[in-house]
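Colleague: Sequence:
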Amino acid sequence: MKLDKVESGVTLRTNYLVIGDLVSRDWKFSAFGRKIEKAIEYRDNGKSDVAILSEQMWVESLRTHGVV
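Going by this note's numbering, the sequence shown opens with residue 10, and the numbers climb by one from there.
Treat each hint with caution, since some may be false.
With a Cα cut of at most 20 angstroms, we get these calculated DMTMM-like pairs of lysine to aspartate or glutamate [unchecked claim]:
{"#": "1", "residue 1": "K44", "residue 2": "E16"}
{"#": "2", "residue 1": "K47", "residue 2": "E16"}
{"#": "3", "residue 1": "K47", "residue 2": "D35"}
{"#": "4", "residue 1": "K47", "residue 2": "D58"}
{"#": "5", "residue 1": "K14", "residue 2": "E69"}
{"#": "6", "residue 1": "K44", "residue 2": "D58"}
{"#": "7", "residue 1": "K56", "residue 2": "E69"}
{"#": "8", "residue 1": "K56", "residue 2": "D30"}
{"#": "9", "residue 1": "K44", "residue 2": "E64"}
{"#": "10", "residue 1": "K47", "residue 2": "D30"}
{"#": "11", "residue 1": "K14", "residue 2": "E64"}
{"#": "12", "residue 1": "K47", "residue 2": "E64"}
{"#": "13", "residue 1": "K44", "residue 2": "D13"}
{"#": "14", "residue 1": "K14", "residue 2": "D58"}
{"#": "15", "residue 1": "K44", "residue 2": "D30"}
Hints in this document: simulated from the structure, not taken from any laboratory.
Given these sequences and hints, build the entire structure.
Modeller: Structure representation (structure tokens):
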């Protein structure tokens, strides 16, 4: 597993978007929701293969690969 850098936003180069486990419908109207929407848009339009993971899934993946 290659670790890269943390970005403040979603771009076409984004590989993973990690979202918190406490998701709320109200996030749709916040910066967090916009990032999720952008990632889904890129993925659905075939512009990116961005994976959207919950925080728990991300940590489990790191543990599986011996990073944590």
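Colleague: For a C-alpha distance cap of 20 angstroms, please report whether K47 and D30 respect it.
Modeller: The given pair, whose Cα atoms are some 19 angstroms apart, holds under the 20 angstroms limit.
Colleague: Next pair to validate is K44 with E64; report whether the Cα-Cα distance is within 20 angstroms.
Modeller: Answer holds: K44 to E64 is near 15 angstroms, not above 20 angstroms.
Colleague: For the pair supplied as a hint, K47 and D58, confirm whether the alpha-carbon distance does not exceed 20 angstroms.
Modeller: 12 angstroms, holds
Colleague: CA of K14 to CA of D58, is that 20 angstroms or under?
Modeller: 17 angstroms, holds
Colleague: Take a quick look at whether K56 and D30 sit within 20 angstroms of each other, Cα to Cα.
Modeller: 26 angstroms, violated
Colleague: CA of K44 to CA of D13, is that 20 angstroms or under?
Modeller: Given pair K44, D13 holds - Cα atoms ~18 angstroms apart, limit 20 angstroms.
Colleague: Take a quick look at whether K47 and E16 sit within 20 angstroms of each other, Cα to Cα.
Modeller: 14 angstroms, holds
Colleague: Can the restraint linking K47 and D35 be considered satisfied, given a maximum Cα separation of 20 angstroms?
Modeller: Distance of about 16 angstroms is within 20 angstroms: holds.
Colleague: Is the Cα-Cα distance between K44 and E16 20 angstroms or less?
Modeller: Holds: K44 and E16 sit about 11 angstroms apart, inside 20 angstroms.
Colleague: Would the hint linking K14 and E64 be met if the CA-CA limit is 20 angstroms?
Modeller: The hint holds at about 16 angstroms.
Colleague: Measure nothing beyond the straight line between the CA atoms of K44 and D58; if it is 20 angstroms or shorter, mark the hint as holding.
Modeller: 15 angstroms, holds
Colleague: With a cut-off of 20 angstroms on the C-alpha distance, tell me whether K56 and E69 pass.
Modeller: 27 angstroms, violated
Against the hints set out earlier in the document, violations occur for numbers 7 and 8.
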